[in-house]
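If you read the protein sequences in the order shown, they are chains W and V. Residues in the first sequence are numbered from 1 upward in steps of one, following the numbering used here. Residues in the second sequence are numbered from 1001 upward in steps of one, following the numbering used here.
Treat the hints loosely; a few may be bogus.
To give a feel for the contact side, a few chain V residues facing chain W, derived at Cβ under 7 Å [to be verified]:
id	residue
1	K1011
2	S1012
3	C1019
4	R1076
5	G1081
6	M1091
7	Y1102
8	S1107
9	V1108
10	G1112
11	F1143
12	S1151
13	G1221
Once the Cα atoms are required to be at most 20 Å apart in a straight line, the calculated SDA-like pairs of lysine to any residue come out as [unchecked claim]:
id	chain 1	residue 1	chain 2	residue 2
14	V	K1147	W	F300
15	W	K529	W	P190
16	V	K1254	V	H1175
17	V	K1186	V	H1273
18	V	K1011	W	F361
19	W	K280	W	F336
20	V	K1011	W	A239
21	W	K19	V	I1016
22	V	K1011	W	P518
23	V	K1063	V	G1046
24	V	K1011	W	A189
25	W	K529	W	R492
26	V	K1063	V	I1045
27	W	K19	V	Y1013
28	V	K1186	V	M1244
29	V	K1178	V	G1255
30	V	K1011	W	L21
31	V	K1178	V	L1123
32	V	K1011	W	Y519
33	V	K1011	W	K529
34	V	K1011	W	W24
35	V	K1254	V	Q1184
36	V	K1147	V	E1213
37	W	K280	W	A506
38	V	K1011	W	A18
39	V	K1011	V	E1064
40	V	K1147	V	H1209
It should be emphasised that the hints constitute simulated quantities derived from the structure, not laboratory data. We put the CB at the ideal spot given by N, CA and C, even for glycine.
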Amino acid sequence: MTSVAATTDDHNTHHGPAKGLMRWVVTTNHKDIGSLYLWLAFIMFLAGGAMAMVIRAELFQPGLQFVRPEFFNQMTTLHGLVMVFGAVMPAWTGFANWLLPMMIGAPDMALPMMNNWSFWLLPFAFIMLVSTLFMEGGAPNFGWTFYAPLSTTYGPDSTDFFIFAIHLMGISSIMGAINVIVTILNMRAPGMTLLKMPLFVWTWLITAFLLIAVMPVLAGAVTMMLTDRNFGTSFFDAAGGGDPVMFQHVFWFFGHPEVYIMILPAFGVISQIVPTFARKPLFGYTSMVYAVGAIAFLSFAVWAHHMFTTGMPLAGELYFMYATVLIAVPTGVKIFNWAATMWKGSMTFETPMLFALAFIFLFTIGGFSGLMLGVGPADMQYHDTYFVVAHFHYVLVTGAVFALIAATYYWLPKFTGNMYSEKWGRIHFWLSTIAVNVLFFPQHFLGLAGMPRRIPDYALQFADFNMISSLGAFVFGASQLIFLCLVIHTIRGGSGKATDQVWEAAEGLEWTLPSPPPYHSFSTAPEVK
Amino acid sequence: MSASSYYVPEKSYWPILGCVALVSMVVGFVNHLHGSALGGPIGLIGVALLAVMMFGWFGAVIKESMSGLYSDQMDRSFRMGMIWFIFSEVMFFAAFFGTLFYTRTYSVPWLGGAGNNAMTNVLLWPGFEAAWPLINMPNPEGFSVPKHVVSAWGLPAINTLLLLSSGVTLTWAHHALKKNHRGQLKLGLLATVVLGLIFLVVQVSEYGHAMHELNLKLSSGVYGSTFYMLTGFHGFHVTVGVIMLAVILLRCLKGHFTPENHFAFEAVAWYWHFVDVVWLGLFILVYWL
Chain W
1 MTSVAATTDD
11 HNTHHGPAKG
21 LMRWVVTTNH
31 KDIGSLYLWL
41 AFIMFLAGGA
51 MAMVIRAELF
61 QPGLQFVRPE
71 FFNQMTTLHG
81 LVMVFGAVMP
91 AWTGFANWLL
101 PMMIGAPDMA
111 LPMMNNWSFW
121 LLPFAFIMLV
131 STLFMEGGAP
141 NFGWTFYAPL
151 STTYGPDSTD
161 FFIFAIHLMG
171 ISSIMGAINV
181 IVTILNMRAP
191 GMTLLKMPLF
201 VWTWLITAFL
211 LIAVMPVLAG
221 AVTMMLTDRN
231 FGTSFFDAAG
241 GGDPVMFQHV
251 FWFFGHPEVY
261 IMILPAFGVI
271 SQIVPTFARK
281 PLFGYTSMVY
291 AVGAIAFLSF
301 AVWAHHMFTT
311 GMPLAGELYF
321 MYATVLIAVP
331 TGVKIFNWAA
341 TMWKGSMTFE
351 TPMLFALAFI
361 FLFTIGGFSG
371 LMLGVGPADM
381 QYHDTYFVVA
391 HFHYVLVTGA
401 VFALIAATYY
411 WLPKFTGNMY
421 SEKWGRIHFW
431 LSTIAVNVLF
441 FPQHFLGLAG
451 MPRRIPDYAL
461 QFADFNMISS
471 LGAFVFGASQ
481 LIFLCLVIHT
491 IRGGSGKATD
501 QVWEAAEGLE
511 WTLPSPPPYH
521 SFSTAPEVK
Chain V
1001 MSASSYYVPE
1011 KSYWPILGCV
1021 ALVSMVVGFV
1031 NHLHGSALGG
1041 PIGLIGVALL
1051 AVMMFGWFGA
1061 VIKESMSGLY
1071 SDQMDRSFRM
1081 GMIWFIFSEV
1091 MFFAAFFGTL
1101 FYTRTYSVPW
1111 LGGAGNNAMT
1121 NVLLWPGFEA
1131 AWPLINMPNP
1141 EGFSVPKHVV
1151 SAWGLPAINT
1161 LLLLSSGVTL
1171 TWAHHALKKN
1181 HRGQLKLGLL
1191 ATVVLGLIFL
1201 VVQVSEYGHA
1211 MHELNLKLSS
1221 GVYGSTFYML
1231 TGFHGFHVTV
1241 GVIMLAVILL
1251 RCLKGHFTPE
1261 NHFAFEAVAW
1271 YWHFVDVVWL
1281 GLFILVYWL
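Bound-form chain W, shown alone (with noise of 0.2 Å):
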């Protein structure tokens, strides 16, 4: 912004950052912004997944163990804020500032200013929400969901907050969204038609799409809930006419999209990876586009399968349980697709291609799982008990989760120049993969036989699958540390260099840049045939 009377030709040598703390601060470099993106999706992860440590050791055993029960309330309400808007979503976000321009050929994301002020938001909404805590009253309890009434009539005072940082977080998602649906449309170089986008790109085309969609919904809903607090409106009270059921219509209708936008780019990521190690191109590329699209429309017309026990006509409840269950075929393309892309390949089994293996897998359980809960009377036993959280912790950690860490050991080495240490990731996987189900299966039994969610204390019958689960949590936190140690250990230096084509047989432009690759990656298109 300082040089704009500086002729053209400065703009097109590849100048570096600016020096010292303020360069992270004034960035406009879609690299930059895309570490910020990745560090503060780390740091919120390990936060939130802090919170969930304090959650599973008072479930170890029964009775109140160390904290009160408002208090796990606030942990779990801010565990599920913190892992969707604060890790999951700019995670994605972080790996689509990289990879985007790289993978198209761009030197950089369409729009740069604004893409510094999305990831600045962030930090600051965080801030609030999380200070929450420290309020009198406490921090929000009514569950990530903020169903009325819970959020208005009873809510603390500290909600106005909340309702704000969820602005500022969509304000920074709608930003962030329009910028990738902008880079991807109008910054492809000569020759990349729109199908012949690697599939992480075409995935983060729909999420973005979604994103605009439902984003501006989300911040209608906390709206009501701020004129239902503090402006005498009667949206959610019905005393006045309003409906305590629309939020919950209102909020799905974000949410459903929501869980796509936490999970098609990670369909991308298993898109690229498994060819990578298959030694195959991708099997059904245009099926996998299609089945992308397909999924990205239904999810806008299932919602109310989160309420079948909330009460709704009966056309309604047969309608929403059909049109959910008709995802799994889109779905179901994808997994198959994958499955035929490794037939008969020359597989190997390093650590990006392990966390694909077990996305596929337990992803698929997750997948299963949704389906036994989108059949409505079956979700009259389910609903609200620990078989949804099992559910949702399946396709959100084994599935998001899981493929980011995938993603993350795939393109580090080209990110950085360095290769990670090939031991100590299969060692993280190992650690992750049996932990994590340690973690999660049992809670299908604890739901299957009644234990409801968000309960700081159960009956004595549950007590022993709690404790396996707990076990399991506190194994799975601690090797994410491992994780932390050694991205920071490939980020100095690693276990030796990388060379710039990484994987034998990785495809795609971003593979045809140095690693670690220049600071403008394409300052001039490059040829696609």
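Starting from the structure of chain W, add chain V where the hints point.
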């Protein structure tokens, strides 16, 4: 600038200023709501900083554009960015229109016992009769009970005419700009700004009438809630639109824009037409039907 090389901007301080501005605004506002005397000033500082940020940021972009730094590709990026921003605004209003639809079609009739909800009516507020607009609330205690429904065929109809004509004058100005008729361009823009301002004045007097004579307030049950949220956010968007149109008018007076190159004009025009369309929805669904 050739098509094979890209323009990459330098570092910028405007975004971080924008963050500080937004955060002061919201922190100030919440503190104000919670009765702290500091809240108001902090919020106003935020608003001022945001104004400075926008002035500086847009100013810098205009300067870059005037010095010919932007390629066709940058122009397309800006256009796409604006279109998707307007789409996000459409979805924001969709949330409130959806609320209106849900309360009118479902929650109010259900409270009155429609469908299989006879017991809802009997158990919660027996005797409540569903109607829209909802004047007699299930439990009026603590709410301001309105006396009448806001009529569509008084000031709101005039406002509809005003906004529709402002769309026409803006299109006229756009055609004039493309043909390089600067006089008509300025006249058309001026007319649009004036029509927008008159709309706002009429809307304010309409609010005064609704609040004082009809006793319709935000706290008048779900009818008042949806009425003021929808028309209020629309009015806010009109205000923003008028400010943007005024900036474009000033830039025209300073000789900015050419028949080929006038992205900012078009972006503001799109925004204004969007605000128009939202008003039509409001007029039909909130005032009329």
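Hint-by-hint comparison with the structure:
| no. | hint | in the structure |
| --- | --- | --- |
| 1 | K1011 | holds, 4 Å |
| 2 | S1012 | holds, 4 Å |
| 3 | C1019 | holds, 5 Å |
| 4 | R1076 | holds, 5 Å |
| 5 | G1081 | holds, 5 Å |
| 6 | M1091 | holds, 4 Å |
| 7 | Y1102 | holds, 5 Å |
| 8 | S1107 | holds, 4 Å |
| 9 | V1108 | holds, 5 Å |
| 10 | G1112 | violated, 10 Å |
| 11 | F1143 | holds, 6 Å |
| 12 | S1151 | violated, 20 Å |
| 13 | G1221 | holds, 4 Å |
| 14 | V:K1147 - W:F300 | violated, 39 Å |
| 15 | W:K529 - W:P190 | holds, 9 Å |
| 16 | V:K1254 - V:H1175 | holds, 19 Å |
| 17 | V:K1186 - V:H1273 | holds, 18 Å |
| 18 | V:K1011 - W:F361 | violated, 44 Å |
| 19 | W:K280 - W:F336 | holds, 15 Å |
| 20 | V:K1011 - W:A239 | violated, 53 Å |
| 21 | W:K19 - V:I1016 | holds, 17 Å |
| 22 | V:K1011 - W:P518 | holds, 17 Å |
| 23 | V:K1063 - V:G1046 | violated, 25 Å |
| 24 | V:K1011 - W:A189 | violated, 24 Å |
| 25 | W:K529 - W:R492 | violated, 36 Å |
| 26 | V:K1063 - V:I1045 | violated, 27 Å |
| 27 | W:K19 - V:Y1013 | holds, 15 Å |
| 28 | V:K1186 - V:M1244 | holds, 14 Å |
| 29 | V:K1178 - V:G1255 | holds, 14 Å |
| 30 | V:K1011 - W:L21 | holds, 13 Å |
| 31 | V:K1178 - V:L1123 | violated, 65 Å |
| 32 | V:K1011 - W:Y519 | holds, 13 Å |
| 33 | V:K1011 - W:K529 | violated, 34 Å |
| 34 | V:K1011 - W:W24 | holds, 9 Å |
| 35 | V:K1254 - V:Q1184 | holds, 15 Å |
| 36 | V:K1147 - V:E1213 | holds, 8 Å |
| 37 | W:K280 - W:A506 | holds, 10 Å |
| 38 | V:K1011 - W:A18 | holds, 8 Å |
| 39 | V:K1011 - V:E1064 | holds, 14 Å |
| 40 | V:K1147 - V:H1209 | holds, 12 Å |
When each numbered hint is compared with the structure, violations occur for hints 10, 12, 14, 18, 20, 23, 24, 25, 26, 31, 33.
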